[in-house]
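Asks: Each chain, written out:
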Amino acid sequence: MKESKDIDQTLNHLFRHESGKMVSVLVKIFGTENFEMAEDVVQDALVSALETWKFRGIPDNPRAWLYRTARNKAIDVIRKNKHNQAIDFSDPAKQLLTSEYTLTATMNNYWEENQIQDDFLAMMYASCDPKISEENQITFILKSLCGFSTKEVARSFLTSEETISKRLYRTKEYFRKNKIKPTIPSDEEIESRTHTVLNSIYLLFNEGYSATHSKELVREDLISQALHLCNSLLGNKKTNTSEAKALMALMCFHTARSKSRLSSKGELVQLSKQDRSTWNKELIQAGRWYLHRAGLGSTYSNYHIEAAIAFQHCDAPTYEETNWGAILAYYDMLLSISNDPIVALNRCLVILELNGPKLALNAITELENIEVLKNYYLYHASLGAIKERMKENVQAVSHYKKAIDLTQSVQEQKFLQERITSILFKYGP
Amino acid sequence: MNQYLFIIRGGEDMSTKSPEEMQAHMKDWEVWMGGLAQEGKLVAGEPLHNEAKTLTERGTKVTDRPLAEGKELVGGYLLVNANSLDEAASLAGGCPGFERDCSIEVREIAKM
Chain A
246 MKESKDIDQT LNHLFRHESG KMVSVLVKIF GTENFEMAED VVQDALVSAL ETWKFRGIPD
306 NPRAWLYRTA RNKAIDVIRK NKHNQAIDFS DPAKQLLTSE YTLTATMNNY WEENQIQDDF
366 LAMMYASCDP KISEENQITF ILKSLCGFST KEVARSFLTS EETISKRLYR TKEYFRKNKI
426 KPTIPSDEEI ESRTHTVLNS IYLLFNEGYS ATHSKELVRE DLISQALHLC NSLLGNKKTN
486 TSEAKALMAL MCFHTARSKS RLSSKGELVQ LSKQDRSTWN KELIQAGRWY LHRAGLGSTY
546 SNYHIEAAIA FQHCDAPTYE ETNWGAILAY YDMLLSISND PIVALNRCLV ILELNGPKLA
606 LNAITELENI EVLKNYYLYH ASLGAIKERM KENVQAVSHY KKAIDLTQSV QEQKFLQERI
666 TSILFKYGP
Chain W
167 MNQYLFIIRG GEDMSTKSPE EMQAHMKDWE VWMGGLAQEG KLVAGEPLHN EAKTLTERGT
227 KVTDRPLAEG KELVGGYLLV NANSLDEAAS LAGGCPGFER DCSIEVREIA KM
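Here the protein sequences line up with chains A and W, keeping their order. In this text, residue positions in the first sequence follow this note's numbering: the first is 246, and each later residue adds one. In this text, residue positions in the second sequence follow this note's numbering: the first is 167, and each later residue adds one.
Excised from the complex, chain W in its bound form:
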């Protein structure tokens, strides 16, 4: 069994949504992640704030924004168990974030 990282990017700005919409959306996440947890696939996962500081040029330059913005902005991650990159990708397919214009990049954790 390998571990895979779902890098979740983009998505609509949820801060403009009503509390009811927000709640319904988070319920979808609960259903999806609940399914992964039931199958023993879920390891961890957290959403991220948009605010960021980015360090470049050997850490000497600090910019008060994320490196990538808009559709490229990383909005969160999940760590899951799967047997192959294909299986991991199919697990990612159920993410409710797609309905909100997210993209997911699936990467295997490298054993060094």
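Bound conformation, chain A alone:
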């Protein structure tokens, strides 16, 4: 029994990391119009691995075994489809797949180690085509590049399998209709295209980092996939932009603290109450390394500043010793790049720590007419926190209650309910 569990684990890990690469290579061979064909081959290879390894044990190099199996299955698919119109062999390089003289040698060329990583990156850029909606981008990435099943993707986004299937279908249709050939963008385009890819990676990360998932496994899986994808970008000279490094830094700092954000019961723990000794020092160190390399030079992105803020939190020995002044300056920088109401809202909480509730109230009052904030639970939670500091308890409780009504997250609701309880306990109703 133990051995079969080992195989499942090895396979699961292997599949998360290799399936996307295999799909990318196979899509290059079969064409994006045959995406399912590529996915089927990978699926078949996995099933073969599972069946064979259960009898014979895990081979010395499971990755090579999986790749060889996928390659052989791809050869079978080519032979089967040689004379129908399913695969476009008109490209001279692909024409060689149609003759037995050259099929194997040509197929082997597609599986050259140094090319696989580039194909994977090219597929990432294709999945993050700016014409594909964000939710379709991240759905497609999880399914096709991270080896998630439709069910796992649905669970990740707290939606139905049917919705996920529809999203996947739309992306595949887009590829088919536009005959997309995945490539790493040219030097002129690389910055802006990478920006879109990073946006998707960060969305994935936040899906894992936010407390919407009660299952720790789901959260960790999403976070590690986001780190893996970003790391792939950093591994290539063309794609390791300064923005990519900054995002990596930011995700490292967040991940370092992720375990202390939830109690053993799955309840949210405020930053001020988190046990800082549990923060992962290696990840903080890695974050510093990436942030240093990202540079805060003449051009910087939101990720640079967000990483700088996250670093201030990681660097403070206690909550009280946090350098709120520096953090406020970073928030002002963020707002000068884009006037994001959520950033403006968070800035008020920094003012609360730095200058006290009166100035924080002034700052948040300036935001009261912003439409998106009116039904945003954190706006009301923040107002509650400011009022609580001012000991205006009745108002604080009413703001917290409003916040509870506006959030779906059970953890957030619990957390807010506790704030209310503690006010009532301290001061009575």
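Hint data in this document are derived by calculation from the structure and do not stem from the laboratory. Check each hint, because a few of them may be wrong.
To be verified - The calculated DMTMM-like cross-link candidates involving lysine to aspartate or glutamate, where the alpha carbons are at most 25 Å apart (straight line), are:
#: 1; chain 1: W; residue 1: K207; chain 2: A; residue 2: E434
#: 2; chain 1: A; residue 1: K422; chain 2: A; residue 2: D363
#: 3; chain 1: W; residue 1: K193; chain 2: A; residue 2: D253
#: 4; chain 1: A; residue 1: K299; chain 2: A; residue 2: E278
#: 5; chain 1: A; residue 1: K325; chain 2: W; residue 2: E223
#: 6; chain 1: W; residue 1: K193; chain 2: A; residue 2: D363
#: 7; chain 1: W; residue 1: K193; chain 2: A; residue 2: E657
#: 8; chain 1: A; residue 1: K647; chain 2: A; residue 2: E637
#: 9; chain 1: W; residue 1: K193; chain 2: A; residue 2: D321
#: 10; chain 1: W; residue 1: K219; chain 2: A; residue 2: E345
#: 11; chain 1: A; residue 1: K483; chain 2: A; residue 2: E436
#: 12; chain 1: A; residue 1: K482; chain 2: A; residue 2: D520
#: 13; chain 1: A; residue 1: K327; chain 2: W; residue 2: E217
#: 14; chain 1: W; residue 1: K193; chain 2: A; residue 2: E345
#: 15; chain 1: A; residue 1: K339; chain 2: W; residue 2: E235
#: 16; chain 1: A; residue 1: K619; chain 2: A; residue 2: D560
#: 17; chain 1: A; residue 1: K339; chain 2: W; residue 2: E217
#: 18; chain 1: A; residue 1: K339; chain 2: W; residue 2: D194
#: 19; chain 1: A; residue 1: K327; chain 2: W; residue 2: E223
#: 20; chain 1: A; residue 1: K318; chain 2: W; residue 2: E205
#: 21; chain 1: A; residue 1: K603; chain 2: W; residue 2: E217
#: 22; chain 1: A; residue 1: K424; chain 2: W; residue 2: D194
#: 23; chain 1: W; residue 1: K193; chain 2: A; residue 2: D333
#: 24; chain 1: W; residue 1: K207; chain 2: A; residue 2: E461
#: 25; chain 1: A; residue 1: K482; chain 2: A; residue 2: E461
#: 26; chain 1: A; residue 1: K325; chain 2: W; residue 2: E217
#: 27; chain 1: A; residue 1: K460; chain 2: A; residue 2: D253
#: 28; chain 1: A; residue 1: K518; chain 2: A; residue 2: D432
Claimed, not checked - Pair ranges (Cβ atoms, derived):
#: 29; chain 1: W; residue 1: N168; chain 2: A; residue 2: N353; range: 44 to 50 Å
#: 30; chain 1: A; residue 1: S249; chain 2: W; residue 2: A210; range: 46 to 52 Å
#: 31; chain 1: W; residue 1: Q189; chain 2: A; residue 2: D336; range: 19 to 25 Å
#: 32; chain 1: A; residue 1: T297; chain 2: W; residue 2: L251; range: 34 to 40 Å
#: 33; chain 1: A; residue 1: D336; chain 2: W; residue 2: D194; range: 40 to 46 Å
What the hints assert, rightly or not - Covered, in the sense of this in silico footprint (three residues per stretch, anywhere, with C-beta under 8 Å from a C-beta of chain A), are these stretches of chain W:
#: 34; region: 232–239
#: 35; region: 260–268
Because the structure is a prediction, the values reported are computed rather than measured. Using N, Cα and C, we set each Cβ at its ideal position, and we do this for glycine too.
Using the hints, position chain W against chain A.
Replies: Structure of chain W alone, referenced to chain A:
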């Protein structure tokens, strides 16, 4: 543009070669045929097994071997585009099979 058939005959018995030798040899074929494909000359082509059944005497007699054997044994074919028999022959000149004792007969496809 006409089409020409390369009838490839003879050649060493590759089944006795090591996998590395075999792989290197097939790489040469890939380079040669890749060149033809790049120029738009390649139409199709396949190697053939040695095993055969030969039907003679109005199809009434079946022999369990190829009609011609040894140097005369047909080992494969290519179909190519070319403007003339001379051009087709010069294209055939690059075939890596010559290093393995092959011969190539170049024939124009007859338009009937």
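Asks: Against each hint, give a clear statement of whether it holds in the structure.
Replies: The hints, checked one at a time:
For a cut-off of 25 Å, the pair hint linking K207 (chain W) to E434 (chain A) is broken: about 36 Å separates their Cα positions. The straight-line distance between the Cα atoms of K422 (chain A) and D363 (chain A) is roughly 24 Å, inside the 25 Å bound, and the hint therefore holds. Between K193 (chain W) and D253 (chain A), the direct Cα distance comes to roughly 38 Å. Violation of the 25 Å bound is thereby established for this hinted pair. Using a Cα cut-off of 25 Å, the hinted pair K299 (chain A) and E278 (chain A) is violated, with the two alpha carbons roughly 34 Å apart.
Using a Cα cut-off of 25 Å, the hinted pair K325 (chain A) and E223 (chain W) is violated, with the two alpha carbons roughly 35 Å apart. Under the criterion of a C-alpha separation no larger than 25 Å, the hint pairing K193 (chain W) with D363 (chain A) is consistent with the structure, at around 23 Å. A C-alpha spacing of about 62 Å is found between K193 (chain W) and E657 (chain A), which places the hinted pair above 25 Å, so the restraint is violated. With a C-alpha separation of about 16 Å, the suggested pairing of K647 (chain A) with E637 (chain A) holds against the 25 Å cut-off.
Simply put, K193 (chain W) and D321 (chain A) have alpha-carbon atoms about 20 Å apart, close enough for the 25 Å limit, and the pair holds. Proximity of K219 (chain W) to E345 (chain A) is assessed by CA-CA distance (about 21 Å); at most 25 Å being required, the pair is judged to hold. Distance check on the hinted pair: K483 (chain A) and E436 (chain A) sit about 10 Å apart at the alpha-carbon level, within 25 Å; holds. Simply put, K482 (chain A) and D520 (chain A) have alpha-carbon atoms about 38 Å apart, too far for the 25 Å limit, and the pair is violated.
Restraint check for K327 (chain A) and E217 (chain W): satisfied, since their Cα atoms lie roughly 23 Å apart, inside the 25 Å limit. Simply put, K193 (chain W) and E345 (chain A) have alpha-carbon atoms about 12 Å apart, close enough for the 25 Å limit, and the pair holds. Annotation: proposed proximity of K339 (chain A) to E235 (chain W) is violated, straight-line Cα distance about 33 Å (limit 25 Å). For the given pair, K619 (chain A) sits about 34 Å from D560 (chain A) by alpha-carbon distance, which is inconsistent with the 25 Å threshold.
At roughly 29 Å between alpha-carbon atoms, K339 (chain A) and E217 (chain W) are farther apart than 25 Å, so this suggested pair is violated. Between K339 (chain A) and D194 (chain W), the direct Cα distance comes to roughly 17 Å. Compliance with the 25 Å bound is thereby established for this hinted pair. For the hint linking K327 (chain A) to E223 (chain W), the alpha-carbon distance of about 35 Å lies beyond 25 Å, and the restraint is violated. Taking the CA atoms of K318 (chain A) and E205 (chain W), the gap is near 30 Å; set against the 25 Å cutoff, the hint is violated.
This hinted pair does not check out: K603 (chain A) and E217 (chain W) have alpha carbons roughly 94 Å apart, beyond 25 Å. Annotation: proposed proximity of K424 (chain A) to D194 (chain W) is violated, straight-line Cα distance about 32 Å (limit 25 Å). Proximity of K193 (chain W) to D333 (chain A) is assessed by CA-CA distance (about 23 Å); at most 25 Å being required, the pair is judged to hold. Only pairs whose Cα atoms come within 25 Å are accepted, and K207 (chain W) paired with E461 (chain A) is rejected, the gap being roughly 59 Å.
Restraint check for K482 (chain A) and E461 (chain A): the C-alpha separation of about 34 Å exceeds 25 Å, so the hint is violated. In summary, the hint linking K325 (chain A) to E217 (chain W) is supported, as the alpha carbons are separated by about 23 Å, within the 25 Å threshold. Among the hinted pairs, K460 (chain A) with D253 (chain A) is consistent with the structure: their alpha-carbon atoms are about 20 Å apart, no more than 25 Å. A distance of roughly 46 Å separates the Cα atoms of K518 (chain A) and D432 (chain A); the hinted pair therefore is violated under the 25 Å criterion.
For the pair N168 (chain W) and N353 (chain A), the beta carbons lie near 33 Å from each other, so the given range of 44 to 50 Å is not met. A hinted range of 46 to 52 Å for the beta carbons of S249 (chain A) and A210 (chain W) is consistent with their spacing of about 47 Å. Against the hinted window of 19 to 25 Å, the Cβ-Cβ separation of Q189 (chain W) and D336 (chain A) comes to about 24 Å, which satisfies the hint. The beta-carbon spacing between T297 (chain A) and L251 (chain W), approximately 53 Å, falls outside the hinted interval of 34 to 40 Å.
With their beta carbons about 21 Å apart, D336 (chain A) and D194 (chain W) fall outside the hinted range of 40 to 46 Å. Figure legend: the region 232–239 of chain W, annotated as covered by chain A; annotation inconsistent (0 residues with Cβ-Cβ distances under 8 Å, at least 3 required). Given as covered by chain A, the region 260–268 of chain W fails the check, having 0 residues with a CB less than 8 Å from a CB of that chain where 3 are the minimum.
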